[in-house]
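Novice: These are the residues of each chain, in order.
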Amino acid sequence: MTRLLSWFLSTLALGGFALLLGVFVWQSAPIWQTEGTRYVTGSAWFYRQHQFGALSLVYGSIAVTAVSLLLAGPLGLGAAIFLSEYLPQRARLWLKIPIELLAGIPSVVFGLLGIALLRDWVYRVFTHFDPLSGDTLLTAGILLAVMILPTVVTLCDDALRSVPGRQRSAARSLGLTGAEVVWSVVLPQALRGIGAAGLLAVGRALGETVAVFLVIGRQDNNLPHPWFSLAPLLEAGQSLTTKLGGAETNIAFGDHLHWAAIMGLGLLLLVLTAGATALGTLGRTPHA
Amino acid sequence: MRRGMDVGLGLLTGGCLLACLTIAGGLIWAIVSRGWGALSLSFFTEQIALVGAAGGILWNLVGTTILLVTAFLVCAPLAVALTLLERVWLKQKRVRHWLRIGLYTANGLPSIVFGLFGFLVFVQWCGWGKSWLAGGLVLAMSMLPTVTLVLIERMAAIPERYIIAATGLGLNEEQLVWAVLLRQSWGGLISGCLLGLARAAGETAPIMFTATIFAGATLPKAVVESPVLTLPYHIFILAQDSFAPGIGTKIWGAALVLLGLVFSMSLAALPSRLRLHEESHV
Chain F
1 MTRLLSWFLS TLALGGFALL LGVFVWQSAP IWQTEGTRYV TGSAWFYRQH
51 QFGALSLVYG SIAVTAVSLL LAGPLGLGAA IFLSEYLPQR ARLWLKIPIE
101 LLAGIPSVVF GLLGIALLRD WVYRVFTHFD PLSGDTLLTA GILLAVMILP
151 TVVTLCDDAL RSVPGRQRSA ARSLGLTGAE VVWSVVLPQA LRGIGAAGLL
201 AVGRALGETV AVFLVIGRQD NNLPHPWFSL APLLEAGQSL TTKLGGAETN
251 IAFGDHLHWA AIMGLGLLLL VLTAGATALG TLGRTPHA
Chain A
289 MRRGMDVGLG LLTGGCLLAC LTIAGGLIWA IVSRGWGALS LSFFTEQIAL
339 VGAAGGILWN LVGTTILLVT AFLVCAPLAV ALTLLERVWL KQKRVRHWLR
389 IGLYTANGLP SIVFGLFGFL VFVQWCGWGK SWLAGGLVLA MSMLPTVTLV
439 LIERMAAIPE RYIIAATGLG LNEEQLVWAV LLRQSWGGLI SGCLLGLARA
489 AGETAPIMFT ATIFAGATLP KAVVESPVLT LPYHIFILAQ DSFAPGIGTK
539 IWGAALVLLG LVFSMSLAAL PSRLRLHEES HV
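Quick note, the sequences are listed as chains F and A, same order. So the first sequence is numbered by my numbering: it starts at 1 and just counts up by one. So the second sequence is numbered by my numbering: it starts at 289 and just counts up by one.
These are computed hints drawn from the structure, not numbers from a lab. As the structure is a prediction and not an experimental result, all values here were calculated from the model. Don't be surprised by glycine CBs; every beta carbon is placed ideally from N, CA and C. One thing to keep in mind: the hints can contain errors.
To be verified - Not the full set, but computed from the structure, chain A residues with beta-carbon under 10 angstroms of chain F: (1) Ala493; (2) Leu519; (3) Leu544; (4) Leu555.
Said to hold, decoys possible - Pulled from the structure, derived: some chain A residues nowhere near chain F, Cβ distances all over 10 angstroms: (5) Leu329; (6) Ser330; (7) Leu361; (8) Leu372; (9) Arg449; (10) Gly458; (11) Leu477; (12) Ile501; (13) Ala543; (14) Ser554.
To be verified - The following label-pair restraints were derived from C-beta to C-beta distances: (15) F:His256 / A:Leu300: 54 to 60 angstroms; (16) F:Phe253 / A:Glu448: 52 to 58 angstroms; (17) F:Ile62 / A:Leu555: 32 to 38 angstroms; (18) F:Ser173 / A:Gly390: 25 to 31 angstroms.
All chains, please: the whole structure from these sequences, using the hints.
Specialist: Printed below as a string of structure tokens:
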């Protein structure tokens, strides 16, 4: 009885997730049929002309994620090294509480903080480059960096502490200083876990919607020329998630191809985040 | 030189930690200091007025509560079922491993994806329009992986000898589930649900297309076309209009209340979570 019931409910739950994946594949099919790979490589998105090129949205997502990882990665890893290598157990637990709390702030409140504190700051600091407003890809990236910081700290701390203490004692007894132990014993062994932490943080950053929505400027078709130019970072942009979170999703439903293009963005997002998260999870659990 | 490097690394990493703590403390302080002035009894008991510039957040709190209760009621049985599947009924190690990987991956899915899914399936196909039930179901789905993973972790931490003793007393698998596994891990269900609900309470993306509007809803009386007001969406809409005078303190007040709601739920789950987290890695 219990067994039957748990199988039934589990099937229901797993079926729901399978349906979710299926719906995105099925509903986006028309756009793949009409546009093919041009859907991902095309740079123009004008839905009234039925032009659906998602490249600028993919670029926006990757740009804000890259900025956030560049900022939160080193800072978070540094904090994790101090937490795991320098602090006693008790102090570590206490200091992790504010970091867990930071992780708990809802993303809409982060967005509000971004509007109130970060937007004007970015505008003032980069005024030399003459940005149109404080709503830029860079602003979104900085805000995201704060949001993924707890993920980076917690997971890097786990990775560092999974290196056995015996190895540290052995290295110390050979005459290595604390810094040398960290540099040549702990970090190399924790590298895999640290990489996994980075991937999981990337997954989180790619999928973040509401906070980014409020400070990114939501300007379509912002692409760098030439492609390595950093100028678009100080312009308003658009990412996969902010496009999906906007009013266009409601408008699109009546139009067969437009809706397929929107669901295609959802599928791209799904594949990118699930890929990063699954790889990160596999990296974290080599023995499982 | 070596000594200097040693001190240098300590200072550098300590500085990083200090910066993280300053950011965390500073942001929380920024919300508390701005929102404190808006809090009063009437803020909780009055409904929204003047497009958010006056009045309170009564129906927003009610709506958020309705969504959370629905999500909890749907999510809890499913999480228990999935946990039992992973812990008891699935015998092959490989399948269990992939189920866990799948759950971790689902846990990382962006919330907007659930919102789109709910919009298509419940709002459009089922013809519910914006409905509290659609929102509750979508939130249940988005928190299900979190709750299940916490519960699995907790059930896996039950000492082996309990299970051996129970088997020695002649309990079959079903009796073992009810007498030992569920009884020993119900704390995990509570803290898992609190954690999932804390996250769900602050979510905007899954409910903005499925369940919530900005003004003009009270208690839902049916399923079809029965939206609710919610705190996150309230903040989301006001934030896009934050230059309007008068909204200033109100929006921070709403943010502070939401923060209080989320923190009280995650703090209640924190001790058991930190302890478990530490044990599982030592």
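Novice: Determine for every hint whether it applies to the structure shown.
Specialist: So, going through the hints one by one against the coordinates:
With a cut of 10 angstroms, the hint placing Ala493 (chain A) at the interface with chain F holds, because the nearest CB-to-CB distance is about 4 angstroms. The restraint placing Leu519 (chain A) at the interface with chain F holds, with a minimum CB-CB distance near 9 angstroms, inside the 10 angstroms limit. With 10 angstroms as the threshold, the beta carbon of Leu544 (chain A) comes within range of chain F, its nearest partner Cβ sitting at about 9 angstroms, so the hint holds. The restraint placing Leu555 (chain A) at the interface with chain F holds, with a minimum CB-CB distance near 8 angstroms, inside the 10 angstroms limit.
With a minimum CB-CB distance of about 23 angstroms to chain F, Leu329 (chain A) clears the 10 angstroms threshold, and the non-interface call stands. With a least CB separation of 22 angstroms from chain F, Ser330 (chain A) remains clear of the 10 angstroms interface cut-off, as annotated. Against the 10 angstroms criterion, Leu361 (chain A) stays outside the reach of chain F, whose nearest CB is about 13 angstroms from its own CB. Not every CB of chain F is more than 10 angstroms from the CB of Leu372 (chain A) (nearest about 4 angstroms), against its label as outside the interface.
Every Cβ of chain F is farther than 10 angstroms from the Cβ of Arg449 (chain A); the closest lies at roughly 23 angstroms, confirming the non-interface assignment. Separation of Gly458 (chain A) from chain F is adequate, the least Cβ-Cβ distance of about 17 angstroms exceeding the 10 angstroms criterion. Taking the minimum C-beta to C-beta distance to chain F, about 14 angstroms, the non-interface status of Leu477 (chain A) holds against the 10 angstroms cut. Chain F leaves Ile501 (chain A) outside its interface by the beta-carbon criterion, the shortest separation being 13 angstroms against a cut-off of 10 angstroms.
Against chain F, the non-interface label of Ala543 (chain A) is violated: not every CB pair exceeds 10 angstroms, the least being about 5 angstroms. The Cβ of Ser554 (chain A) does not lie farther than 10 angstroms from every Cβ of chain F; its closest approach is about 5 angstroms, which violates its non-interface assignment. A beta carbon spacing of about 56 angstroms between His256 (chain F) and Leu300 (chain A) agrees with the range 54 to 60 angstroms that was offered as a hint. The hinted window of 52 to 58 angstroms between Phe253 (chain F) and Glu448 (chain A) holds, with their beta carbons roughly 53 angstroms apart.
The given range of 32 to 38 angstroms is respected by Ile62 (chain F) and Leu555 (chain A), whose C-beta atoms sit roughly 35 angstroms from each other. In this structure the hint that Ser173 (chain F) and Gly390 (chain A) lie 25 to 31 angstroms apart at CB is violated, the actual value being about 44 angstroms.
Comparing the model with each numbered hint stated earlier shows that hints 8, 13, 14 and 18 do not hold.
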